[in-house]
Amino acid sequence: MPPGRAFGHLTALPILSWTTGPVQRRSRPLPSRRLLALATTLALYGAAGAAQAGDDVCPLGAFTCPKKPVSYALCKPNALLGFYVPDLPQDPNLREQATTDVDAAELQSPDSNVFHLSGDVRMQRADQLLRTERLDYTRDSTAYSASGGVRYQDHGLLFSADAMQGTTTPNRAHADDVRYQLLQSRGNGVARSAELQDKQHSTFRSVTYSTCDPDARQWELHASSLSIDRASGVGRARNVSMWYDGVPFFYFPYLRFPVDDRRQTGFLYPSLVNSNNAGFSITLPFYLNLAPNYDATLYPRSYSSRGYMLGGEFRFLTESSKGQLEFTYLPDDREAHRDRGSLNFLGSTRVAPGWSFSTNINRVSDAHYFEDFGNSLLSAATSVLGSNAYLNGSGDWWSAGLGVDAYQLTDPTLPVSAEPYKRLPRLYFNGENGMFGEDSGLRWGVRSEAVAFRKPDALEGDRIDLFPYITWPLEGAAWFVRPEVGYRYTAYDLHRDTDNHPSRSVPIADVDAGLIFERDTRLFGDSYTQTLEPRLYYLRVPYRNQDNLPIFDSRLLTFDYWQLFSSNRFAGADRQGDANDLTVALTTRLLDGGGVERMSASIGRIYYFDPQRVQLPGQPDTDFAGSNYVAEFTLQLNDRWRMTASQQWNPNTNTTDVSTVGFQRRIADDGILNFAYRYRRNLLEQYDVSTVFPVNDRWSLVGRWNYSVRDHRTLEAFAGVQYDSCCVAVRLLQRHFVHNFQGQSDNATYFEIEFKGIGNVGQQTGTFLRRAILGYQGYE
Numbered sequence: 001m002p003p004g005r006a007f008g009h010l011t012a013l014p015i016l017s018w019t020t021g022p023v024q025r026r027s028r029p030l031p032s033r034r035l036l037a038l039a040t041t042l043a044l045y046g047a048a049g050a051a052q053a054g055d056d057v058c059p060l061g062a063f064t065c066p067k068k069p070v071s072y073a074l075c076k077p078n079a080l081l082g083f084y085v086p087d088l089p090q091d092p093n094l095r096e097q098a099t100t101d102v103d104a105a106e107l108q109s110p111d112s113n114v115f116h117l118s119g120d121v122r123m124q125r126a127d128q129l130l131r132t133e134r135l136d137y138t139r140d141s142t143a144y145s146a147s148g149g150v151r152y153q154d155h156g157l158l159f160s161a162d163a164m165q166g167t168t169t170p171n172r173a174h175a176d177d178v179r180y181q182l183l184q185s186r187g188n189g190v191a192r193s194a195e196l197q198d199k200q201h202s203t204f205r206s207v208t209y210s211t212c213d214p215d216a217r218q219w220e221l222h223a224s225s226l227s228i229d230r231a232s233g234v235g236r237a238r239n240v241s242m243w244y245d246g247v248p249f250f251y252f253p254y255l256r257f258p259v260d261d262r263r264q265t266g267f268l269y270p271s272l273v274n275s276n277n278a279g280f281s282i283t284l285p286f287y288l289n290l291a292p293n294y295d296a297t298l299y300p301r302s303y304s305s306r307g308y309m310l311g312g313e314f315r316f317l318t319e320s321s322k323g324q325l326e327f328t329y330l331p332d333d334r335e336a337h338r339d340r341g342s343l344n345f346l347g348s349t350r351v352a353p354g355w356s357f358s359t360n361i362n363r364v365s366d367a368h369y370f371e372d373f374g375n376s377l378l379s380a381a382t383s384v385l386g387s388n389a390y391l392n393g394s395g396d397w398w399s400a401g402l403g404v405d406a407y408q409l410t411d412p413t414l415p416v417s418a419e420p421y422k423r424l425p426r427l428y429f430n431g432e433n434g435m436f437g438e439d440s441g442l443r444w445g446v447r448s449e450a451v452a453f454r455k456p457d458a459l460e461g462d463r464i465d466l467f468p469y470i471t472w473p474l475e476g477a478a479w480f481v482r483p484e485v486g487y488r489y490t491a492y493d494l495h496r497d498t499d500n501h502p503s504r505s506v507p508i509a510d511v512d513a514g515l516i517f518e519r520d521t522r523l524f525g526d527s528y529t530q531t532l533e534p535r536l537y538y539l540r541v542p543y544r545n546q547d548n549l550p551i552f553d554s555r556l557l558t559f560d561y562w563q564l565f566s567s568n569r570f571a572g573a574d575r576q577g578d579a580n581d582l583t584v585a586l587t588t589r590l591l592d593g594g595g596v597e598r599m600s601a602s603i604g605r606i607y608y609f610d611p612q613r614v615q616l617p618g619q620p621d622t623d624f625a626g627s628n629y630v631a632e633f634t635l636q637l638n639d640r641w642r643m644t645a646s647q648q649w650n651p652n653t654n655t656t657d658v659s660t661v662g663f664q665r666r667i668a669d670d671g672i673l674n675f676a677y678r679y680r681r682n683l684l685e686q687y688d689v690s691t692v693f694p695v696n697d698r699w700s701l702v703g704r705w706n707y708s709v710r711d712h713r714t715l716e717a718f719a720g721v722q723y724d725s726c727c728v729a730v731r732l733l734q735r736h737f738v739h740n741f742q743g744q745s746d747n748a749t750y751f752e753i754e755f756k757g758i759g760n761v762g763q764q765t766g767t768f769l770r771r772a773i774l775g776y777q778g779y780e
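Position 339 (the sequence shown) corresponds to 339 in the UniProt record's numbering; numbering is contiguous.
Fair warning: there could be bad hints in the mix.
Think about it this way: if two alpha-carbon atoms lie no more than 27 Å apart in a straight line, the pair counts; the simulated BS3-like pairs of lysine-lysine are [as the list claims (entries may be wrong)]:
| hint | residue 1 | residue 2 |
| --- | --- | --- |
| 1 | Lys67 | Lys322 |
| 2 | Lys455 | Lys422 |
| 3 | Lys322 | Lys68 |
Listed next, with one range per pair, are the computed distances between beta-carbon atoms [what the hints assert, rightly or not]:
| hint | residue 1 | residue 2 | range |
| --- | --- | --- | --- |
| 4 | Ala352 | Asp697 | 52 to 58 Å |
| 5 | Ala513 | Trp699 | 53 to 59 Å |
| 6 | Asp621 | Trp641 | 31 to 37 Å |
It is worth saying that the hints were derived from the structure and are not from the lab.
For clarity, every value in this text was computed on a predicted model and none was experimentally measured.
Note that beta-carbon positions come from the ideal geometry of N, C-alpha and C, so glycine has one too.
Given the sequences, and given the hints that come with them, work out the whole structure.
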């Protein structure tokens, strides 16, 4: 065949046998773990990492924020080898039906068996593209040889080589001096040679891997050899070293790691932390992939001042159940001179349609455990640990359950008598349905509970509480009226010699009514819909003397705006507050054109027509004319800042009982500034300031200061810096915090270095910062 420009569909030239097998999805897999050398994407033939999700900015006011995907925003574009073609198809499933298009400057064929293509040879099938200067192919042996700037691209992979030889049947290939880029995971590197044994197995010699830019490699993995078994999802590397800024600092003679989303057994990255109380500690987790639907992680931890602790986590997930077990055990604590540990189990099982069994068990070895091993104000302030196990059921109009509740004191300053009653067992049934069918306006309902209260060295007994009621909710587009009438009966069987069967019967009636007015308005040049919502709530509960009833679980509820519309000022069934009250409240809102609430302001008060006579033991009767005035305010005219405030003014004493102010300001995309003031008369007064302040694209400052005016001391303060680059992130924090109920303080240092794409070394600061700084997201 004479030389000339040649092109066409040569289905006989599938040079690399360009197909990939289907991805098998496992039923209900557990979330994956990030393993020590997650260089999974070193499988050069057809490998592709998870695509980076879009940045989801956490809305202001959210209590917790999800993590963002690992950020490569500071990196150069993905196509680092310079020959990336952006308009190739991205679906590898198109390969099976696609033909192979070949284009070359010259095509020579001395016979029908041998083909010589030269001059900008280009072969494409679906998302696969191969370019080279020369390609020789023999039909009978299916052997091929490409030379002169071999370049290959598919939906997830880009690589170049000096030369490539192989056969299409069987599917084998050898390439020399390979440079590669994984498009969706940013993994890139070089290999002296690459061998493709078949579609599932490949081997690389003198290979490197990094997610950094090729011309700015802050870190890099080196291996003398790397074998990929795609059938089992396992990679094996030998003589692995990790380099940072050109200096080796970690070595493994052998490393086994996953090459896809299938979880593999192996070490996780170690974590390091230093504190005055626990000393220096290092944790080296080991992950066990036991089965597709259950796994375990062991956490060997060494404390310089206390000894060796073993922690563990076991997770399982089936079609009908899920659960997680966590434990820690420290034999013979060097400072406490006793064994220490903790246990937590959270699980649920669907036992029948509409029925499930749930368990939440929490135990620690002693009341000082959180003081010695907790690392947050939350754990330091935990005075009671609760555990429960329940069989719960529900239908269209009912819910029911049977279970037990137990408690453990974790505040060493509290007496044993402060431990709550155990509920052994507790049975409840609640329901509501239409009197004459589901759509009937007139409805009936019941709330009921039976409990056996147990507590050593205290009055014990059983209690039944029944509240049947009738309601007829009426509402229109701009109004609602919801009357309700019920009868509450509570009876006891007490373990005492006299008056061991006291009871209480009381009718309860209330009506909740409101109007909603709307008008169009403008503010700062923008159009809004403003509402005006007056609301009245009348509650009538006759007085019943309840001094002969025990106190098993009742307490006075914390008064807030929503208590204005509650039928009982007490929690628990041991006390039902008497009432002849009228709540008067007013709310106004601003809604933007999309219906988003931009401003809300509410104020209300309860007016007492009769004195409140039912009280807890030791509390005096009150003859106030009304409750505190309660006001709440929220303002967020855009997505950059938000303000909240609440106030309770006591007209009986002319004092402010409760006051809170909160302010959030978003700084750029990843920064946040929080300010909070909290005041409760005779109890607390605190200032709380926290921030993530971006200095530039790479550096940011983080910090928090929580100060108690009442105690004249700092409850928690930390400051730190975060450095971010294309492939490395570093975080350093210094923290001072109160760690026990006696007010003793501790200091801790947190250091973390993250090698993007494979994991991090040090204390994982993300969880701590998300808990301490409202609006902090961080990255996975």
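Status of each hint after checking the structure:
| no. | hint | verdict |
| --- | --- | --- |
| 1 | Lys67 / Lys322 | holds, 23 Å |
| 2 | Lys455 / Lys422 | holds, 6 Å |
| 3 | Lys322 / Lys68 | holds, 26 Å |
| 4 | Ala352 / Asp697: 52 to 58 Å | holds, 56 Å |
| 5 | Ala513 / Trp699: 53 to 59 Å | holds, 57 Å |
| 6 | Asp621 / Trp641: 31 to 37 Å | violated, 46 Å |
Violated hints amount to a single one, hint 6; each of the other numbered hints is respected by the structure.
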